Amino acid sequence: MKLPWGRSILLVLVVAGTVLPSAHAAPGDFEVIEQLTQVRSAIKKASNNVSCEVPAVKSCSFASLCGNFSSKTQSMYLYTNASGQAVPNYSMLVNMQTVDACLKKPFKEDLFTDPLLNPEKLFTEKAAGGKAQLKENQKRYNSEFARANGIFKDVQKRLIAYLQSQRTADNSAAIEASIRKIEIVSMNQLSLNDEVLLKTGCEMPNAFYVAQTMAVTVCPQFLGLPDASLFLIIAHELSHAIDPCNSSYGYLQSDKGTFILDPRTSMPESEYSEESHKGYNRFADSVGVDEHPFKEAIACLNSPKVMNVQTPSRASVLKRVDDKMSFIQEKDSESGEEKNSDAQMSRLQSEKEFFEKHHKDLQFCGPITGNGHAQEAFADWLAVQIVEKKIVEIPSSADAKRFAFETQAYSFGRSCANLSQAMNAKAKKIMGKKCETVDEALAKAELKPDHDHSHPKMADRVNSIYLANPGLQKALGCVPDKTRNACK
Amino acid sequence: MKLVSSFLLFVLTFGLSGPVMASVLILDRTNHHGFRKTDILKKENGVYFYNNILLGKKLPAEILRSWQSLEKGPAGEKYLACSAGTYSFVKQVKNKKIQVNGCTQGDNYAALVKNIEVVREYAKGRP
Ligand SMILES: [Zn+2]
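As you go down the protein sequences, you meet chains A and B in turn.
Going by the working numbering, the residue at position 201 of the first sequence is 201; the numbering climbs one at a time, nothing skipped.
Start counting at 1 in the second sequence, then tack on 1000, and there's your number in the working numbering.
Okay, chain B solo, but in the shape it has when bound:
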């Protein structure tokens, strides 16, 4: 017997060491064969960074839309098992951190990756 688990775990941490001036979003995933990939989006003093690549103070509307969707975090999903892999999504604003864990499958995860892709392509300079 087994249950359908949304496999979403939230961890809420207050009072991290020292004040953090930036807001950071991290998508870190490891697949069934152990391969790992991480994307880091950061906004510091009004300046946007993707994996430490400077994107500037203003983002084109389409890129900004993806960034803002990412700030909302992933939506939960029903899954029997995280067959393809698992992810951790971290949102850290000031001294508050939220971590959500889930499966690297399904429409909601795909939407998350798609938004990351938009930012990544922009960072590479070929939107």
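With the rest of the complex left out, here is chain A:
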């Protein structure tokens, strides 16, 4: 069995004992660094034995899946398949990077040596450890990107076929528009010189769909994952192209074949001119909530018995805009800089009017209402329909089980409470009073992040959508939770 990338290098490091505190550490740090050295050594020891077996999943629940990893809280990788594709313990990755930063990066070598998990090693010679290594790292990125891009094309084809299969006389126009919106999406191959992109959208493990650029980005930290994990991640992101918010965009096409968002479906009139879409023709129309080809599934997913999506009221969304306006007014009265705010105020006023006019189609748009649960639930649901179809085609039940398991595996490191709590506690213990933990700092600043409601909890998504799917249940051989029914 092939080991995950970098494992062999790691073993050498442990044996040679080259992990030494650097000269940057302050004298008082040594005790903490000594403690961290021991922790790292234990982690490396525990990481030498990564399971290649798909565990038995007794009940169809996220807790049951996570339970299989209770002995892996010390391991850098949670699972590896026969092709050497590995699922990192993402909580450990993020926490250990925080600890390292707190202690002024006391070790020459990062705990996780895979360059995909430290994207800086993909674009700077210094971080990579020399020119030759940088070239080697970039080669690895390119080959893993090519693998992900192949999976993207497969998912895209399957999603289009699924939409075709759902066509009826009533929804034909909406299906056509949806297919066109899926067809124009491509995978975003990051330019490895583009520090800005890597440091923003890919600052941490991430994947996302951007409607303006019609592109799915899968960040380097996800690119080493098993094929099935990438299949689900990509299916989810591609599904966002027609989620209950993004579906209301229209797209235009120029004679040269380039596409743009139809500004008339996406912004107040005061924000664009006729010039902005001159020479462009209709390509894919806006599909409102009432015409959405999966409107029944959306209603089911949002219902109390499934995801219980609490769509913010029209009044509360308008209040958000009013709050912005009164802030600007208060700032004006303080600084007297009125000219600057005039433009902002009129823009907010047109946003407000636009929302009042199109409330019905905007009610599921996370960036506007502050609640993106309907979009996420839909993307999960459509993704699992595609996964289900894929699983049916896998002849051996063992391979089908492996595929089903691997679709879920990538989220364990971050979202399994047993794994993330163990790592958070370890990080807190090592850092002690030296560095504030995030929670302490935020509590002190009385900060309430606005993004708390942008995503539903992973456990709820897995239990109510992924593991409620009969195809996934059958493949995993788990006992379904009878209180949960799949939305159709």
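Source of the hints: derived by calculation from the structure; they are not laboratory data.
No experiment lies behind these values; they were computed from the predicted model shown.
Any given hint might turn out to be false.
[Unchecked claim] With a straight-line cut-off of 30 Å between C-alpha atoms, the simulated DSS-like cross-links for lysine-lysine are:
#, chain 1, residue 1, chain 2, residue 2
1, A, 104, B, 1114
2, B, 1124, A, 131
3, B, 1091, A, 434
4, A, 474, A, 295
5, B, 1094, A, 428
6, B, 1037, A, 135
7, A, 105, B, 1057
8, B, 1037, A, 434
9, B, 1037, A, 457
10, B, 1096, A, 319
11, B, 1091, A, 429
12, A, 429, B, 1043
13, A, 434, B, 1124
14, B, 1072, A, 105
15, A, 131, A, 44
16, A, 126, B, 1124
17, B, 1072, A, 104
18, A, 457, B, 1091
19, A, 482, A, 457
[To be verified] Sample of chain B residues facing chain A (criterion: CB under 10 Å; computed from the structure):
#, residue
20, 1053
21, 1104
22, 1120
23, 1124
We treat Cβ as the ideally placed atom computed from N, Cα and C, and that holds for glycine.
Based on the hints, put chain B with the ligand in the right spot on chain A.
What follows is chain B with the ligand alone, placed relative to chain A:
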């Protein structure tokens, strides 16, 4: 139909519990896959700290420039959706707090992160 939203929300709070002697800047972000990262810059009695790492009373000119840019806070940006993730930026001076929320994409956000990076690298001792 949808509107382009700058997705900037400002919250202004006066009279926080007790006088705060320090000025604090916090950048807290959560991405589309739920990963979260926080950076905390603090100036207390004239002494600079990054994530509680003591940086001293004087910063080199380049580092100070980044710090001062951060004090101005992020500039707004037009975005259709915060596809990659969202952030909260908090500036707390004495008993006044300003919170700005936005998208973790675009040039203005990148500029913000770049300035944080300058301070972080300095704190790590390898500018
Ligand atoms: Zn999503």
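Each hint tested on the structure:
1. Among the hinted pairs, residue 104 of chain A with residue 1114 of chain B is consistent with the structure: their alpha-carbon atoms are about 18 Å apart, no more than 30 Å.
2. About 23 Å separates the Cα atoms of residue 1124 of chain B and residue 131 of chain A, which keeps this hinted pair within 30 Å; it holds.
3. Restraint check: the Cα-Cα separation between residue 1091 of chain B and residue 434 of chain A comes to about 22 Å, which is no more than 30 Å; the hinted pair holds.
4. At most 30 Å may separate the alpha-carbon atoms for a hinted pair to count; residue 474 of chain A and residue 295 of chain A meet this at roughly 26 Å.
5. Taking the CA atoms of residue 1094 of chain B and residue 428 of chain A, the gap is near 28 Å; set against the 30 Å cutoff, the hint holds.
6. With a C-alpha separation of about 29 Å, the suggested pairing of residue 1037 of chain B with residue 135 of chain A holds against the 30 Å cut-off.
7. For the given pair, residue 105 of chain A sits about 22 Å from residue 1057 of chain B by alpha-carbon distance, which is consistent with the 30 Å threshold.
8. Taking the CA atoms of residue 1037 of chain B and residue 434 of chain A, the gap is about 18 Å. The hint holds against a cut of 30 Å.
9. Restraint check: the Cα-Cα separation between residue 1037 of chain B and residue 457 of chain A comes to about 18 Å, which is no more than 30 Å; the hinted pair holds.
10. A C-alpha spacing of about 22 Å is found between residue 1096 of chain B and residue 319 of chain A, which places the hinted pair at or below 30 Å, so the restraint holds.
11. Pair hint residue 1091 of chain B plus residue 429 of chain A holds up; C-alpha atoms about 28 Å apart against a cutoff of 30 Å.
12. For the given pair, residue 429 of chain A sits about 25 Å from residue 1043 of chain B by alpha-carbon distance, which is consistent with the 30 Å threshold.
13. The straight-line distance between the Cα atoms of residue 434 of chain A and residue 1124 of chain B is roughly 14 Å, inside the 30 Å bound, and the hint therefore holds.
14. For the hint pairing residue 1072 of chain B with residue 105 of chain A, the CA-to-CA distance comes to about 28 Å; that is within 30 Å, so the pair holds.
15. The hinted pair formed by residue 131 of chain A and residue 44 of chain A meets the criterion: a straight-line CA distance of about 27 Å does not exceed 30 Å.
16. Distance check on the hinted pair: residue 126 of chain A and residue 1124 of chain B sit about 15 Å apart at the alpha-carbon level, within 30 Å; holds.
17. Of the supplied pair hints, the one linking residue 1072 of chain B and residue 104 of chain A holds, its CA atoms being roughly 26 Å apart against a limit of 30 Å.
18. Annotation: proposed proximity of residue 457 of chain A to residue 1091 of chain B holds, straight-line Cα distance about 29 Å (limit 30 Å).
19. Between residue 482 of chain A and residue 457 of chain A the alpha-carbon distance is near 21 Å, which keeps this suggested pair within the 30 Å criterion.
20. A least Cβ separation of about 7 Å between residue 1053 of chain B and chain A falls short of the 10 Å threshold, and the interface hint therefore holds.
21. Interface restraint check for residue 1104 of chain B: the shortest CB-CB distance to chain A comes to about 6 Å, inside 10 Å, so the restraint holds.
22. The beta carbon of residue 1120 of chain B comes within 7 Å of a beta carbon in chain A, closer than 10 Å, and the hint placing it at the interface holds.
23. Evaluation of the residue 1124 of chain B hint against chain A yields a held restraint, the C-beta minimum of about 5 Å falling below 10 Å.
The structure meets every hint from the earlier list without exception.
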